[in-house]
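*Asks:* One-letter residues, chain by chain:
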Amino acid sequence: MSTHAEKRHKYRVGKMTLLDYIMFIVLIVLALIILIPFLNVIAISLASQKEYADNPMMLWPKHPTLDAYRALFEDGRLLTGFWNTIKILVVGLPLSLFLTSTMAYGLSRNKFPGKKFIFFLVLFTMIFNGGIVPLYLVMKSLHLTGSLWSVILVGSFSAFNMILMMNYFQGLPESLMESARLDGAGEWRILFSVVLPLAAPIMATITLFYGVAFWNGWYDAMIFLRKAEMLPLQNVLRTIIVESSTNVSNAASVDALNKSGFSTGMKMASVFVSMVPIMCFFPMLQKHFAKGVLTGAIKT
Amino acid sequence: MNTKKLFKPLLAVALSAVMLTVTACGKDTASSGGNEKDADGNYKDKLKISVAQTTEVKDGVLDNEFHKYWMDKFNVEWDYNYVQWDSWPEKLRLWINSGDLPDVASWNYVHGDFMNYVDQGLLYKFPDDWKERWPNVAAAYKLTGLGDKLEELTGGTYILPKPVYYQNKPADPLVNQIGVIAIRKDWAKAVGFELKDAYTTSELIHYAELVKEKDPGKLGSKLVPISYTADDALTNIIMANSEHSRVESAFYKGEDGKFHWGPADPETLTGLKLMQKAYKEGLLNPEFYTWKNNEGSDNFRVKGVAAMMSLGGLASYRQDMDKNMQKNLGVSSDDLVHTAIVLGDDGKYRNLEQPNFWSALIFSPNISKEKFERIMDIIDYSTTKEGQMLLNMGFEGKDWKYDENKEPVSLLPEGTTLEDKYPARFEGLYILGDDFSIVNPAIKKEYRDRAVELFKEKAKLGSEGGKLATYDWDVQLYDSKAKSQASFDYQNEYANLILQGGDLEANWKKWVQSKQSLVQPVLDELNSKFAK
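Protein sequences appear in the order of chains A and B. In terms of UniProt numbering, the first sequence is residues 1 to 300. In terms of UniProt numbering, the second sequence is residues 1 to 532.
Same shape as in the complex, but just chain A (with noise of 0.2 Å):
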């Protein structure tokens, strides 16, 4: 036996070495540091104000109480804000993927014409922002402002989402795409029957990306939307808690005393209620989405 292999078996224990060790501690430590706060997150939602005023940085309470969950579901708002996220969800993100995926593969092939002028046009909307008075005005002319419309099509186009999706498709082989013209395919054909399905990694990404984009959008629906019943979950979620937390001192004081409540606790609660969905639907695109992001962000 080598000197090399004497000594690397002098750091063996069982079948990991003491590197492999180092490792592991490290990377508990880091799991560590992220399950912590996330863990203090759920704990302070289902502690008591007297328990959290004592211990704020309890891993999980003494006497657990769902009081916080309770005045947020007691509250008929979160399933209107629930449903109506859904409905921005269920329609934005087909439309997203639609936009995204047309312009993509228009933009990857090479004969498009004008290409370059379409492609400097989205990637000088990444750079320059026209501000959201001209976008206001937009809306405003299309008799869009106070429709959930508004928040569903400006919410439908990502310029670094559709170069992600360019790059993935000038990364499949031009040859496909001619062999299916040779058989007759038009480009819509080709599109759904032969560069969609191949491009699972960077749909499924792109599908998280729009789909938590979303779910947890509020600025475009704090803009736009007029009604109470018709904004999405993560604004109901924000006017729980800013009432929650309101200082009475304000207009309506008896009223806002009576509403007042564990402000931390309903945050927390707030902040896991709208967790969940996104935490479900992540594992079922994780094996595609290191891949699709990678492959995306590559130029081949």
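For the record, the hints were derived by calculation from the structure and aren't laboratory data. All C-beta atoms in this analysis are idealised placements derived from N, C-alpha and C, irrespective of residue type, glycine included. Hints are not guaranteed to be accurate.
In silico lysine-lysine, PhoX-like type, Cα no more than 25 Å apart, as pairs [claimed, not checked]:
| hint | chain 1 | residue 1 | chain 2 | residue 2 |
| --- | --- | --- | --- | --- |
| 1 | B | K212 | B | K292 |
| 2 | A | K140 | B | K48 |
| 3 | B | K292 | A | K227 |
Which bits of chain A does chain B cover? Going by a derived footprint, with three or more residues having C-beta under 8 Å, they are [stated by the list, open to error]:
| hint | stretch |
| --- | --- |
| 4 | 67-81 |
| 5 | 126-139 |
| 6 | 170-182 |
| 7 | 216-228 |
| 8 | 232-240 |
Label-pair restraints from in silico Cβ distances [to be verified]:
| hint | chain 1 | residue 1 | chain 2 | residue 2 | range |
| --- | --- | --- | --- | --- | --- |
| 9 | B | G112 | A | Y219 | 16 to 26 Å |
| 10 | A | F160 | B | P365 | 56 to 66 Å |
| 11 | A | P197 | B | E287 | 29 to 39 Å |
| 12 | A | V138 | B | N293 | 34 to 44 Å |
| 13 | B | S480 | A | I28 | 52 to 62 Å |
| 14 | A | V133 | B | L195 | 52 to 62 Å |
| 15 | A | P277 | B | H206 | 52 to 62 Å |
| 16 | B | Q516 | A | E74 | 53 to 63 Å |
Based on these hints, arrange chain B on the given structure of chain A.
*Replies:* Using the frame of chain A, we list chain B on its own:
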């Protein structure tokens, strides 16, 4: 041409167009009509009025009896627009600038923006005779002070500043509600500390020292003698000794007719020295300057480990404290809490004179004459005693009645509030709820009486030898880049100063010097415009 090839893209375009048009082309059902009344005095024509407020009106809420009463009485149909608290300024700014303002909206008044909006014609100008036509609104408007000042600047009425107090103003002059503290009266008795209505800062520090020494609650290291956040310390230690130490009154006109910067006054140094003493003696928590929101008061009302906290002067605060102590400590706060105001170490009372307005009502520049008049009729009624009782107590005989002492008493079942029965009563467009809170039986009478007592005491001490920072309209309505740049986070600046090592006075002088590049331009501007 290959029609199959064309079919899919055309379908996609057509679908998109249909989606847009179907949703976009909402019918504009806004009605037009006059304000003629029939023989019974009812409005003949129904008007659809869009209103934007921060009260959340959920789906179906407008069907309840309360809202129907208002809609029937004034023959209106509401198009209610909800503005969330946290997006209020941004949303209104967008609506105003894009010409999309609802007929009437509640706006968090910003003077610089107001002047720009008036210049650009973005706000409705009231008719010249509006004060004669709606006298109740005009009376409440007069009390705000701001309305008249703005008329001098713009030559007309463009907004209705909302009065905080109207019929139930607790004291004159009106002093800011801040500067009321709560102390544990059981501990005060245990350590032999006298209960009074007003204490000097040093007396309160002495009380905290006694509690720390004798520990009447047997709390050991958990005891927090003075549970103040940095902002509380600014209010109850520094402002109590220097009325111009806060952002609201930092720039003021002195007796010499020139403008000064309050944080550079020697009185501010006196306050800082007392604050540092409290910190060094361990009376303030070692990390008090990191506390946010309720962390200071929670030690008192949730954990029961503090001897003193900053409460504020509203009766609703006192009721909230009672609710918290009952819920978390299982005790009645009436047995444990004493409220008082804080004096400077020279025995003088200091606070801020409070303007009697908060936010404002604005009207769309495109509103029709009929709609404007109908809204003003609604506001005028809402400011009458009958309107106020309806808004705050519900229907007489059904939701409330007068008792034998002619005091209103609620007829709602125990534990039910008017908000439960009639949610989102946004029709009280004009006068703020603070006014009615002075007489509202939903707040315990003892708390209301004590709040008014302390308001009166503040007004008396403030005007009889005290030092109230007057609300200087010139400074408040002056807007410039230099002024916005010279706005500091004073509570944190002061906390930093008392935490620094070395001599406090030397550090304070150095700090004052370091701010001069931003402060002096403001002083120069104010002196050139308003100094004698």
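*Asks:* Does each hint hold? Answer for all of them.
*Replies:* Here is what the structure says about each hint:
no. : hint                        : in the structure
1   : B:K212 / B:K292             : 24 Å, holds
2   : A:K140 / B:K48              : 20 Å, holds
3   : B:K292 / A:K227             : 32 Å, violated
4   : 67-81                       : holds (count 3)
5   : 126-139                     : holds (count 4)
6   : 170-182                     : violated (count 0)
7   : 216-228                     : holds (count 5)
8   : 232-240                     : holds (count 3)
9   : B:G112 / A:Y219: 16 to 26 Å : 25 Å, holds
10  : A:F160 / B:P365: 56 to 66 Å : 40 Å, violated
11  : A:P197 / B:E287: 29 to 39 Å : 59 Å, violated
12  : A:V138 / B:N293: 34 to 44 Å : 39 Å, holds
13  : B:S480 / A:I28: 52 to 62 Å  : 57 Å, holds
14  : A:V133 / B:L195: 52 to 62 Å : 57 Å, holds
15  : A:P277 / B:H206: 52 to 62 Å : 57 Å, holds
16  : B:Q516 / A:E74: 53 to 63 Å  : 55 Å, holds
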